[in-house]
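**Student:** Counting along the sequence shown from 1, when you hit position 260 you're at 260 in our numbering, and nothing is skipped either side.
Bear in mind the hints are in silico, worked out from the structure with no lab data behind them.
Among these hints, one or two may not hold up.
Beta-carbon label-pair distances, calculated as ranges [said to hold, decoys possible]:
1) G21 to I154: 33 to 39 angstroms
2) E200 to R18: 41 to 47 angstroms
3) K138 to V29: 47 to 53 angstroms
Given the structure is predicted, the values throughout are model-derived calculations rather than measurements.
Using N, Cα and C, we set each Cβ at its ideal position, and we do this for glycine too.
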Amino acid sequence: MKIFYFTGTGNSLAVAKRIGGTLVSIPQVIDCADQHYKDDVIGVVFPVYWATAPDMVLKFVEAAKFECNYLFLIATHGGGAAATHQVVQRLAKRNGYQFNYFDDIKLIDNTQSSKSIENQLSRFSKEGFQKKIAEIAKNISERKQNADKSANIIMEAFTYVVSKIPNYEKAPQKYLIDDNCNRCKTCTKVCPAGNIEVAEKISFGKHCTGCLACLHNCPQNQFISKGSVARPVGGIRKQYSMRLLKPTTAIRKRIKKSLI
């Protein structure tokens with residue numbers, strides 16, 4: 001089994017690891033000339049951004065050629081998946097293939113303030129998470145088929161409307177960089193889009209995916225989101241990190257292998 005994943009703050013990577021198989025980072029293969037992938041079972045795991053899949057995931061699904069007996073899709077989210085799987089399924093069908101199974105799993109909404117994250121953690125059930133992962137793994141092993149299930153019309157409309165709202169080219173304008181930034185360049189290494197450059201100052205390009213990897217992985221905790229009541233960044237990641245992956249280990253591996 002091969003799983004292609006996209007992760008900014010570690011949640012989707014944690015899910016992919018627990019499902020098992022060979023893990024492949026989508027940002028690492030997105031620009032490869034050969035997008036043909038073959039295995040008995042292939043999966044795609046990613047977070048929901050603005051009621052749909054991240055742009056990089058949509059680009060990958062649109063370009064990939066999967067040769068397998070079973071294809072599944074798992075979305076992680078902090079509030080709801082909306083009609084995400086229908087959006088991805090339509091892209092897949094236009095590309096000549098289709099997913100067999102879809103599921104979603106609610107984790108911590110890491111776009112919120114530290115207070116909100118702490119509140120979520122107090123309600124988060126690790127036992128419930130493990131039970132859901134076991135259910136997903138069982139459905140995959142039994143080759144469950146459900147990906148053609150239609151979404152609620154309201155959810156379809158919600159996904160359509162909300163997905164049109166963000167303009168990620170302007171997303172970096174919402175970040176303030178603290179004067180104490182030591183130019184360690186961790187943000188450039190974890191950015192999946194290669195959108196950050198560090199010289200005399202930090203500069204952003206026009207390809208931000210809105211994944212928040214830079215905010216949550218900054219070891220100096222120097223990124224501040226305008227309008228936030230606290231710093232929803234590195235220090236907060238160390239507090240939660242889904243309590244599934246050790247953040248220091250995740251960061252070290254990302255920097256070493258440029259997984260994200």
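**Student:** Each hint needs a verdict: does it hold in this structure or not?
**Tutor:** Now for the hints, and whether the structure bears them out:
| no. | hint | verdict |
| --- | --- | --- |
| 1 | G21 to I154: 33 to 39 angstroms | holds (35 angstroms) |
| 2 | E200 to R18: 41 to 47 angstroms | holds (42 angstroms) |
| 3 | K138 to V29: 47 to 53 angstroms | violated (28 angstroms) |
Of the numbered hints given earlier, the model fails hint 3 alone.
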